[in-house]
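Chemist: Chain by chain, the residues:
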Amino acid sequence: MTYDKRSDGRKFDELRPMEAKVGVIARADGSAMFKIGKTVAYAAVYGPRALHPSHMRNPETGILRCNYNMMSFSGSGERVRPGPSRRSKEIGLVTEKALLPVMDISGFPNTVVDVFIELLQTDAGTRCAGITAAALALADAGFPMRDLVAAVSVGKVGDKLVVDLSKEEEDYEEGATDMPLAILPRTGEVTLLQMDGNISKDELKELVENAKKAARKINEVQIKALKDKYGVN
Amino acid sequence: MTSGTKSYIQALLQRGIREDNRKMDEYRKITVEYGVSAKSAEGSARVKIGETEVVAGVKMEVGDPFPDKPDEGTIMVNAELLPLSSPEFESGPPDVESIELSRVVDRGIRESKTIDFKKLCIKPGEKVWLLFIDIYPINDDGNLFDAAALAAFAALRDAKFPAYDEETGKVKYSEKTDKPVPLECMPMACTVLKIGDKFIIDPSTREEEAADARLTLVSTDHTNLCAMQKGGTHPFVSEDINHMAELSLRKAEELRKLFK
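Line by line, the protein sequences are chains A and B. The letter at position 224 of the first sequence is residue 267 when you use my numbering, and the numbering goes up by one with no holes. The letter at position 51 of the second sequence is residue 57 when you use my numbering, and the numbering goes up by one with no holes.
It should be emphasised that the hints constitute simulated quantities derived from the structure, not laboratory data. Heads up, the beta-carbon is just placed ideally off N, CA and C, and yes, glycines get one too. Please note that a few of the clues may not be correct.
Across the chosen pairs, the derived CB separations fall in these ranges [as the list claims (entries may be wrong)]: (1) GLU132/B to LYS244/A: 38 to 48 angstroms; (2) GLU94/B to ASN101/A: 21 to 31 angstroms; (3) PRO100/B to PRO96/A: 17 to 27 angstroms; (4) SER244/B to LYS140/A: 23 to 33 angstroms; (5) ILE128/B to GLY201/A: 52 to 62 angstroms.
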């Protein structure tokens with residue numbers, strides 16, 4: 044049951060190498076690419092724009108709509124069938140909830156802000172990479188935001204608590220717990236929390252703290268990407 | 007697009023000028039990058055034509071052959087006009103534009119015979135390789151047809167078969183062999199647009215909207231065509247078609263140099 048060494052040689056609290064870039068999709072109002080290990084997410088923001096179907100329009104506020112998708116060739120086994128799945132719909136929903144708390148789109152009644160997330164290559168942590176990229180894309184689009192959002196998956200592999208699980212760790216034979224969190228780096232507030240696996244109350248406590256630390260590191264990469272484009276210090 | 011913009015683009019072309027100062031028969035800068043999803047896909051590539059960016063990936067599965075072609079594998083091409091790549095594209099099941107794009111790329115590869123489907127046969131009548139080629143635009147700045155065809159071809163060139171265990175009939179995706187997909191020739195798509203009485207290649211989105219008609223031609227060398235598709239509402243006369251074919255064949259030779 045002891046997991047002595049991570050399969051890719053990282054320390055237990057170490058994130059995979061990250062890379063972020065904003066403004067990668069010229070047609071979009073805001074866009075970003077976020078790469079963590081071998082997981083690569085693109086996010087594009089369009090809007091605020093007229094909402095269709097019109098019966099969903101809200102005269103009191105704009106709405107945020109997030110769409111998550113894995114490209115058909117981006118899975119680790121057989122081809123992923125194109126089009127929405129139950130999984131991708133749920134991830135779209137929790138992504139919305141993860142991002143909304145930092146945004147104020149009440150000033151854009153009857154409109155929609157569309158966020159599209161596409162995964163080019165996956166090695167676990169895709170929803171977190173998507174949220175991290177989407178937050179950057181929203182900032183790139185110039186929305187007023189209370190904070191960025193940084194997301195990371197923490198969990199337990201064998202008997203060890205780890206940060207940023209790889210696919211190999213998620214599939215660990217003797218059991219793995221996967222717990223994705225989205226965090227507002229400034230305040231440490233949690234806007235996405237999911238878990239599958241098996242952990243104790245004390246482990247939960249520790250994992251949340253680990254995730255907060257990791258989110259601050261992800262946030263540094265986000266801030267650097269924004270500075271690289273906008274050249275502010 | 008307003009009729010003003012359309013007449014503006016047409017008036018410029020009458021004077022031999024394009025909005026971005028390119029020549030009528032000039033491609034924007036083209037780059038091809040391989041292995042952009044190397045961990046996941048059996049083959050993958052990113053193609054940029056100017057600011058237009060398209061990625062394509064190949065996944066391979068083992069399946070049953072069609073009853074009428076028991077000793078042949080096959081390809082399946084799918085393109086999805088992602089709403090991520092343009093404000094014009096909407097979510098939902100593939101619309102007719104996505105389907106047209108997929109089918110034009112599919113025919114170009116299939117009809118060129120660049121893949122000998124018999125070489126995708128594992129056991130006649132029982133097991134053959136199925137190659138899924140999935141194409142996604144990342145940014146649409148015009149000329150998705152040529153970019154998609156290039157990306158699909160580049161992804162095929164990048165592809166290596168995964169290991170296959172004949173006893174269990176399972177594909178081991180984690181184990182890639184060094185066996186490439188045998189490609190016999192280089193099918194290249196070069197689309198020509200007609201605007202007024204002018205012909206241009208590699209259109210921007212604004213030029214696409216101003217166009218009267220388009221013709222995508224896929225060729226395998228400097229004289230042989232293997233697929234064509236007309237788009238747009240204006241008719242062609244035979245001189246138009248001859249001219250477009252010559253232009254396309256000449257430019258496709260340039261595209262082939264990207265792979266030499």
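Chemist: Taking the earlier hints as the rules, which of them does this structure contradict?
Modeler: 1, 4 and 5
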